[in-house]
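Let the sequences and hints guide you as you build the complete structure.
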Amino acid sequence: MAQMGHNISLPERARRIRRHALRMGEVQGQGYIAQALGVADVLAVSYFHATNYRPEDPEWEGRDRFLLSIGHYAIALYAALIEAKIIPEDELETYGTDESRLPMSGMAAYTPGMEITGGSLGHGLGIAVGMALALKRKKSDAFVYNLFSDGELDEGSTWEAAMSAGSYKLDNLIGIVDVNQMQADGPSMGVLNFEPLGPKFEAFNWFVQRVDGNDIGALVAAFDAARHHKGQQPRIIICDTKMAKGVPFLEARERNHFLRVEPDEWKEAIRIIDAGAGA
Amino acid sequence: MRRSKYIRPDFLTNGTDRPRMTTSAMIASIAGPDQQTRPAPFGHTLAKLAEKDDRIVGMSADLAKYTDLHVFRAAHPDKFYQMGMAEQLLMMSAAGMAREGFQPWVTTYAVFASRRAYDFICLAIAEEMLDVKIVCALPGLTTGYGPSHQATEDIAMFRGMPNLTIIDPCDASEIEQAVPAIAAHKGPVYMRLLRGNVPVVLEEYGYKFELGKAKIIREGKDVLIISSGLMTMRALEAAKELQKDGVEAAVLHVPTIKPLDEATILAECRKQNRLVVVAENHTVIGGLGEAVGAALMRSDVRPAAFRQIGLPDAFLEAGALPTLHDQYGLSTQKVTAAIRSWLDE
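Those sequence lines, one after another, are chains F and X.
Residue 126 in the working numbering sits at position 126 of the first sequence, and the numbers go up by one each step.
With positions in the second sequence counted from 1, the corresponding number in the working numbering is that position plus 1000.
Read the hints as simulated data drawn from the structure, not as lab findings.
A couple of the hints might just be wrong.
With the Cβ distance kept under 8 angstroms, some of the chain F side facing chain X (calculated, not the full set) [to be verified]: (1) L121; (2) H123; (3) G126; (4) V129; (5) A134; (6) L135; (7) A161; (8) H228; (9) G231; (10) Q232.
DEER-style ranges, computed between Cβ atoms [unchecked claim]: (11) D212(F) <-> D1062(X): 37 to 45 angstroms; (12) D1062(X) <-> A109(F): 31 to 39 angstroms; (13) D1078(X) <-> K230(F): 21 to 29 angstroms; (14) S1299(X) <-> T94(F): 51 to 59 angstroms; (15) D185(F) <-> T1323(X): 24 to 32 angstroms.
Beta carbons are placed, not taken as given, at the ideal position from N, Cα and C, and that holds for glycine.
This is how it looks when you write it as structure tokens:
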């Protein structure tokens, strides 16, 4: 199912995604880098194990749709799109600058491979419902993925979409929730208690799996199960991830929703990531 | 002025005659008692259009029956999607459908599309220039249910949204022409819907709808009424009344509120030094009146006088529609009286 480079391991893909993201963060000196590091393993498995696409033709009709509703995670998705060769690597130097195809918040009109405009949180899952209905109408066997965040669980529109997907039995829809326990105002569970999360989706007729989102083996198994599940129901993979995963001194920062990182620290972070090369 | 909720209706307490009972029921029609009407022109036209256009799908948020989309649903059950009473989802899922090449026609009430689902129309649909058609019943003051159902500021809200085309049709014949024109137009459109038994008004004037065009329905040298939606019907009726006094009123119908046909509006205002009256079924804030006023100012066009007929900047009362139209100045009688008074100034 993975598209290219079968010789490159998934952990190595994840490492490179982290490296691309850090290099983009370095351009701006700040950003949502902790989310990107946290979700890198999920993106590695998504783009190099679980998703059909053609790098040279990002709008290929047969592709699986990967919808990022968390606009500020754009830095993470750009890193994955670069690793997937949908975006050339040299463009990461333009991140967030004038004329760049890589704006700070992800928008469909700017970036190849960016399926929707995120940023106004709580839009992705509903758009995914519409696309999943449309794909069924077209008799396509493509999947629609929507990567959204635990913060988006606060939005009522997410639950309108969740109820609808269950009602329509959308077995071509796979939700991925990044539960990194960090929102703008602090730890997610302190902002709004969304637990027990799995049972909520189960009650809405979803096929639910909850995994360590930084465990690549567990993610591979979960994506395989989501794609091959026989039940006529939407699927959700709840991924518990660690903010800033892979860079211990950033993991340790208490409030890391939006990180300001000193120039020498970027170098140190990249050095730490590079030390894990070739895994 | 709204009465205290602790004061019972006068006729119950002082033994005076019971007033004429008029209904505020949701299905109340804007048609006059003797007016020619056609049923559900939107639903029938869309159903016909979908026979030869497989892009078209219908979607509603539990209001298909009340937006005439039930006619489409009956004709094309396989092309209809019930999204539940969830207007945010309605707009998001329509965006997803449009991304996959379909042309969703989504219906709800104008209050819910504008107030509740604004962000979803704005970011998921308009910012992406997606081909979604939003058709909403109960625009302006077309129900007596009170502020929860009266979309008195929908145009003000939607005029601020880039990329969105706004259509406010007058009658059944215009809806029948507007629907195929909207389908042929690529991009998001908001249409204010007149539903149920919709009056047929414009046929006798030989009017033809063109998206983006304002058209003179009737010539007149004394006053120019610029109007949209059902207020064009009222303007034409008022013009007939004024004619009895020897006053000649022109009526310029502006069904496309955005993009506004400023060229035609300015040309008409320049043509003669007339009183210009803008009449709209909408609050006087942020609608056609202010759009026309600003266009005149920007182009240094000074009519003899400029006046607005529209709803006040207020939450309106509940009651029977004919009573409310009279109370808030939208009835033919009130429109006629207002113009007479302005001509006498």
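- Hint check: 8 angstroms Cβ-Cβ cutoff, V129(F) to chain X: Check passed: Cβ of V129(F) comes within 5 angstroms of chain X, closer than 8 angstroms.
- Task: Could you see if the CB distance from D1062(X) to A109(F) stays within 31 to 39 angstroms?
- Result: 32 angstroms, holds
- In this structure, is the beta-carbon distance linking D185(F) and T1323(X) contained in 24 to 32 angstroms? 49 angstroms, violated
- Proposed interface contact between H123(F) and chain X, which counts if any beta carbon pair is under 8 angstroms: 5 angstroms, holds
- Message: Quick check on L135(F) please, does its C-beta sit within 8 angstroms of some C-beta on chain X?
- Response: 6 angstroms, holds
- Message: For the restraint on H228(F), tell me whether the closest CB of chain X is nearer than 8 angstroms.
- Response: 24 angstroms, violated
- Item | Hint check: 8 angstroms Cβ-Cβ cutoff, Q232(F) to chain X | 17 angstroms, violated
- Task: So, G231(F) near chain X? Judge it on the closest CB pair being under 8 angstroms.
- Result: Constraint on G231(F) not satisfied, violated at 22 angstroms.
- Satisfaction of the A161(F) interface hint, Cβ to chain X closer than 8 angstroms: Interface hint status for A161(F): holds (6 angstroms vs cutoff 8 angstroms).
- Confirm or reject the claim that D212(F) and D1062(X) have a C-beta distance inside 37 to 45 angstroms. Since D212(F) and D1062(X) have Cβ atoms about 40 angstroms apart, the given range 37 to 45 angstroms holds.
- Restraint check, 8 angstroms cut-off on beta carbons, for G126(F) near chain X: Check passed: Cβ of G126(F) comes within 3 angstroms of chain X, closer than 8 angstroms.
- Taking 8 angstroms as the limit, does the beta-carbon of L121(F) come near enough to a beta-carbon in chain X? Since the shortest Cβ distance to chain X is 10 angstroms, the answer is violated.
Of the numbered hints given earlier, the model fails hints 1, 8, 9, 10, 14 and 15; all others are met.
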